[in-house]
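2 protein chains.
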Amino acid sequence: MTLPEGYTFRRLEVSDYSNNYLETLKTLTSVGNISEDQFKHLFEEWSRLPEIYNPHVITNPAGTVVATGMLLIERKLIHERGSVGHVEDISVAPSEQGKKLGLSMVNGLTELAEKKGCYKVILDCSEHNVRFYEKCGYIKGGTEMIKRFT
Amino acid sequence: MTLPEGYTFRRLEVSDYSNNYLETLKTLTSVGNISEDQFKHLFEEWSRLPEIYNPHVITNPAGTVVATGMLLIERKLIHERGSVGHVEDISVAPSEQGKKLGLSMVNGLTELAEKKGCYKVILDCSEHNVRFYEKCGYIKGGTEMIKRFT
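Chains as they are written, first to last, in the UniProt record's numbering: chain A, 1 to 150; chain B, 1 to 150.
It should be emphasised that the hints constitute simulated quantities derived from the structure, not laboratory data.
The structure displayed is predicted, hence computed values, not measured ones.
Be careful, since some hints might not be right.
Where chain A lies over chain B, by a calculated footprint (3+ residues, C-beta under 8 Å) [said to hold, decoys possible]:
1. 20-34
2. 39-47
3. 84-97
4. 112-119
By construction, the Cβ of each residue, glycine as well, lies at the ideal position given by its N, Cα and C atoms.
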């Protein structure tokens, strides 16, 4: 993974609540009003299960969060009790586009999945992002199917 | 969910190791040699995290496992700390095909996801299974992208 000078890829910290984490995620989809207590509660839930939840950020030279991503690791029985990584919720702050931070985030999470012993990593994306993920070394798999309740 | 008479949809039990669970999964993909101790270890890992891992089976009138499926529940920050269900590892024993057990399994896991408060359920499938999942109330989403390490 190559980052611009002064940028850092690291695990999410609880203090990122007031460090542009939610604002960056909002470029991806709706987040809603999350209080600091609610954030801490979820942060602790994720932190108690480091073998499953691996939330990461990229910070800029000022130390501000400018990209987000989650690696969720699923323990299966198939493939000799293999683990599968799921890459989720990749977002990049609009003011930081053009620096390949999305590529760095995906590459960082993909390397982490390999280091943690996953036999594969998967993710779902819209058709116009297929080319981007191919640049990250992914190939097309199947079709994502969705059922929404709300 | 409608099952043929005598068939039951239930959570996986540790005794299913010697009740055709692995053999049913093998119709889906390679499983490898899993000892009873290895199975118990993973079963306990899943059981410690019932808010995440929901492995299910369908048994036939003889009580034998003839279908499998997993609902993995992911806790996100987005969508007001919403949960997303991932339907994984659906398999049906070849001798029990034609009884719509796959449909019952997917419907059972989908209902469970809704009951557990997920705002959506997603899964990945091959193109020739799209029609099947449409019958389960799913619609096409994006494209699955994969990177394999082994």
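Each hint, compared with the structure:
1. 20-34: n = 9 at 8 Å, threshold three: holds.
2. 39-47: holds (count 4)
3. 84-97: Our answer is that it holds, as 3 residues pass the Cβ test (under 8 Å) against chain A, meeting three.
4. 112-119: holds (count 4)
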